[in-house]
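K.L.:
From just these sequences and the hints, can you work out the full model?
These protein sequence lines are chains X and H, in that order.
Numbering-wise, the numbering used here puts 308 at position 65 of the first sequence, and it's gapless, one number per residue.
Numbering-wise, the numbering used here puts 91 at position 78 of the second sequence, and it's gapless, one number per residue.
Hints should not be assumed to be uniformly reliable.
[Said to hold, decoys possible] Straight-line alpha carbon distances no greater than 25 Å define the calculated DMTMM-like cross-link-like pairs of lysine to aspartate or glutamate that follow:
1) X:Lys286 / H:Glu71
2) X:Lys308 / H:Glu71
3) X:Lys325 / X:Glu363
4) X:Lys384 / H:Glu71
5) X:Lys309 / H:Glu71
Hints were generated in silico from the structure; no laboratory data involved.
No experiment lies behind these values; they were computed from the predicted model shown.
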Amino acid sequence: MKTVTRLLLGGVIATLLGAQQLQFNLDHLAPKASNVVDVQLSKDLLQFAANFLDGKDDPEEAQVKKLLSGITGIYVKSFQFKAEGVWSPADMDAIRKQLRTPQWARIVGVTSVGDGESAEVFVRSENQKMTGLAILVTQPKELTVVNIVGSVDLNSLSELGGHFGIPKVETPKK
Amino acid sequence: MDWLEQELKRALERKEPAPGFAGRVSAAARRRPMPRWIAVAASVVVLSGAAAGYRWYEGLRAKRQVMTAIRLAGEKLNRVQTRVMEVRQ
Numbered sequence: 244m245k246t247v248t249r250l251l252l253g254g255v256i257a258t259l260l261g262a263q264q265l266q267f268n269l270d271h272l273a274p275k276a277s278n279v280v281d282v283q284l285s286k287d288l289l290q291f292a293a294n295f296l297d298g299k300d301d302p303e304e305a306q307v308k309k310l311l312s313g314i315t316g317i318y319v320k321s322f323q324f325k326a327e328g329v330w331s332p333a334d335m336d337a338i339r340k341q342l343r344t345p346q347w348a349r350i351v352g353v354t355s356v357g358d359g360e361s362a363e364v365f366v367r368s369e370n371q372k373m374t375g376l377a378i379l380v381t382q383p384k385e386l387t388v389v390n391i392v393g394s395v396d397l398n399s400l401s402e403l404g405g406h407f408g409i410p411k412v413e414t415p416k417k
Numbered sequence: 014m015d016w017l018e019q020e021l022k023r024a025l026e027r028k029e030p031a032p033g034f035a036g037r038v039s040a041a042a043r044r045r046p047m048p049r050w051i052a053v054a055a056s057v058v059v060l061s062g063a064a065a066g067y068r069w070y071e072g073l074r075a076k077r078q079v080m081t082a083i084r085l086a087g088e089k090l091n092r093v094q095t096r097v098m099e100v101r102q
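P.N.:
Laid out in structure tokens, this is it:
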């Protein structure tokens, strides 16, 4: 009886964790890509990495370290291709399907007809607390999926994005 | 006796060792071997150093991965914000 209970409990925990962490099945795109970014950082690895974020190499490290305090996992897959039409909409549909649960909510979705870019931001929340973030960006020659497990300050994350080459965008205060 | 037998006889015949050979063997047998604890300590130092070096390398690698991931996520989020601002304007 105890074994059955343990198995059931394990299954429930695995399901909950799995729901926070998206499953990417995009490895078939890697051989066709000209540039690949594949990052898989679990909680243990993030804590380990945080010890090395001392700001000696990069002044932004302190800010990143602060950001990591609420994060328990970072998973990124980004592919850049030399030609168009390498990735298919089905690749993204498999990921979007996982985001069609009550916990996940799409907060932004932008599609540009001109350059064929599509960008979506999903936030996962439980008991009014943020527990995950997903960013899906596609361009004719690019596909990027970012999944952050845990709580992350979007403004700080965006600020870091601005500091790394793209001009910072001021978000209007409510 | 043919040449083969002569060769064998010459190869197998008793030869006297060089002068002082017995003394050198006795001296080597009397010499004290290196204490075992020195070998163990040296191994521990080498292994600890290698482990620390590997841990340092892994830490730097993990840090680089974190920075890359956060940069990319921030960049994409910022890009979405830029698009939203463009649409608003």
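K.L.:
Would the pair Lys384 of chain X and Glu71 of chain H pass a check requiring their Cα atoms to be no farther apart than 25 Å?
P.N.:
Cα-Cα ~32 Å, so violated.
K.L.:
Mind checking the alpha carbons of Lys286 of chain X and Glu71 of chain H for me, to see if they're no more than 25 Å apart?
P.N.:
holds (15 Å)
K.L.:
When you check the alpha-carbon spacing of Lys325 of chain X and Glu363 of chain X, does it fall within 25 Å?
P.N.:
holds (23 Å)
K.L.:
Taking only the CA atoms, is the gap from Lys308 of chain X to Glu71 of chain H under or equal to 25 Å?
P.N.:
Holds, at about 17 Å.
K.L.:
For a C-alpha distance cap of 25 Å, please report whether Lys309 of chain X and Glu71 of chain H respect it.
P.N.:
Within the cut-off at roughly 21 Å; holds.
The structure does not agree with numbered hint 4 stated previously, though it agrees with all others.
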